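Colleague: Letter by letter, the chains look like this.
Protein chains: 2
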Amino acid sequence: MKPDALRGHLDALLLATLDGEQLHGYAIIEALQQGSGGALDLPTGTVYPALRRLERAGHVSSDWSTVGGRKRRTYKLTQAGQRALNAERDAWREFTTVIDGVLGGGKWAQS
Amino acid sequence: MKPDALRGHLDALLLATLDGEQLHGYAIIEALQQGSGGALDLPTGTVYPALRRLERAGHVSSDWSTVGGRKRRTYKLTQAGQRALNAERDAWREFTTVIDGVLGGGKWAQS
DNA sequence: CCTTAATAAGTAGGCGAGCTACACATACCG
DNA sequence: CGGTATGTGTAGCTCGCCTACTTATTAAGG
Chain A
1 MKPDALRGHL
11 DALLLATLDG
21 EQLHGYAIIE
31 ALQQGSGGAL
41 DLPTGTVYPA
51 LRRLERAGHV
61 SSDWSTVGGR
71 KRRTYKLTQA
81 GQRALNAERD
91 AWREFTTVID
101 GVLGGGKWAQ
111 S
Chain B
1 MKPDALRGHL
11 DALLLATLDG
21 EQLHGYAIIE
31 ALQQGSGGAL
41 DLPTGTVYPA
51 LRRLERAGHV
61 SSDWSTVGGR
71 KRRTYKLTQA
81 GQRALNAERD
91 AWREFTTVID
101 GVLGGGKWAQ
111 S
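In order, the protein sequence lines correspond to chains A and B.
Under UniProt numbering, think of the first position of the first sequence as 1, with each following residue one higher.
Under UniProt numbering, think of the first position of the second sequence as 1, with each following residue one higher.
Be aware that one or more of the hints could be misleading.
[Claimed, not checked] Cut-off 25 Å, straight-line C-alpha distance, at most; resulting in silico cross-link-like pairs (SDA-like, lysine to any residue):
(1) B:K2 x A:G58
(2) B:K2 x A:S36
(3) B:K2 x A:G69
(4) A:K2 x B:G58
(5) A:K2 x B:G69
(6) A:K2 x B:Q34
(7) B:K2 x A:R53
Because the hints were derived from the structure by calculation, they are not lab data.
Since this is a predicted model, take the numbers as computed values, not measurements.
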């Protein structure tokens with residue numbers, strides 16, 4: 001999958017990954033890898049800044065913990081984040097509907 | 001719809017619009033507007049450079065004509081463009097499958 | 001003991017697709 | 001003659017994501 005296709009959908013992916021369970025950054029990357037069947041392999045340089053951006057935006061909150069001597073910053077959705085996720089899901093649905101309409105478009109559509 | 005969501009899908013839209021009919025740039029923009037119910041309103045600064053890029057890549061070819069005193073550059077798909085369109089449609093399908101999987105993901109999936 | 005790999009978090013800098021804001025030209029309508 | 005619609009095009013910027021790197025701890029292998 002070409003990497004720039006993600007543009008504008010990264011927030012949705014991160015919020016969705018945190019929906020229902022709190023994870024730290026590294027685990028989020030692994031969850032996305034597994035949840036996508038290996039198609040999504042986001043570099044840390046993409047995920048960590050995105051998480052901090054989401055935190056600044058108030059969509060997630062984080063807490064530090066130490067597990068096995070290693071420090072983890074665990075993220076969870078805020079209420080605003082939950083709302084943002086719903087909005088992202090709606091936007092995604094609208095987006096795919098529009099593109100599907102054009103890509104499937106008119107001509108040979110009835111069948 | 002946020003504009004950067006288009007990233008990486010513009011070529012697919014343009015190729016799909018030219019699938020089965022040849023159009024000039026301005027008409028492509030209008031066709032996309034109507035075909036998307038107004039959701040897509042691409043500026044000329046996006047479409048014209050993209051068309052030239054597609055032509056350089058050999059995916060479309062163009063011919064000048066004059067209609068009512070105005071010059072038009074009419075584009076049509078090449079065979080390579082048709083193949084590229086098929087590839088784009090496949091890539092789109094894969095892309096949506098992956099994102100849908102994450103966004104719909106696991107937890108509450110088995111309704 | 002030392003090296004390597006895995007886990008974990010982070011930043012600096014760059015790239016590049018698409019957008020903004022123009023410029024240019026003709027036709028048509030009032 | 002001025003404004004709007006049609007039609008094509010470019011220069012330059014923005015900003016989200018990626019590349020490449022740094023730091024640190026633990027566990028395993030030799």
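Colleague: Does each hint fit the structure? Answer for all of them.
Modeller: Tested hints:
The hinted pair formed by K2 (chain B) and G58 (chain A) meets the criterion: a straight-line CA distance of about 20 Å does not exceed 25 Å. As the CA atoms of K2 (chain B) and S36 (chain A) are separated by approximately 24 Å, the hinted pair is consistent with the 25 Å bound. Taking the CA atoms of K2 (chain B) and G69 (chain A), the gap is about 42 Å. The hint is violated against a cut of 25 Å. Between K2 (chain A) and G58 (chain B) the CA atoms are separated by roughly 20 Å; this keeps the pair inside 25 Å, and the hint holds.
A distance of roughly 42 Å separates the Cα atoms of K2 (chain A) and G69 (chain B); the hinted pair therefore is violated under the 25 Å criterion. Restraint check for K2 (chain A) and Q34 (chain B): the C-alpha separation of about 28 Å exceeds 25 Å, so the hint is violated. Annotation: proposed proximity of K2 (chain B) to R53 (chain A) holds, straight-line Cα distance about 18 Å (limit 25 Å).
The structure is inconsistent with the numbered hints 3, 5, 6, although it conforms to all the rest.
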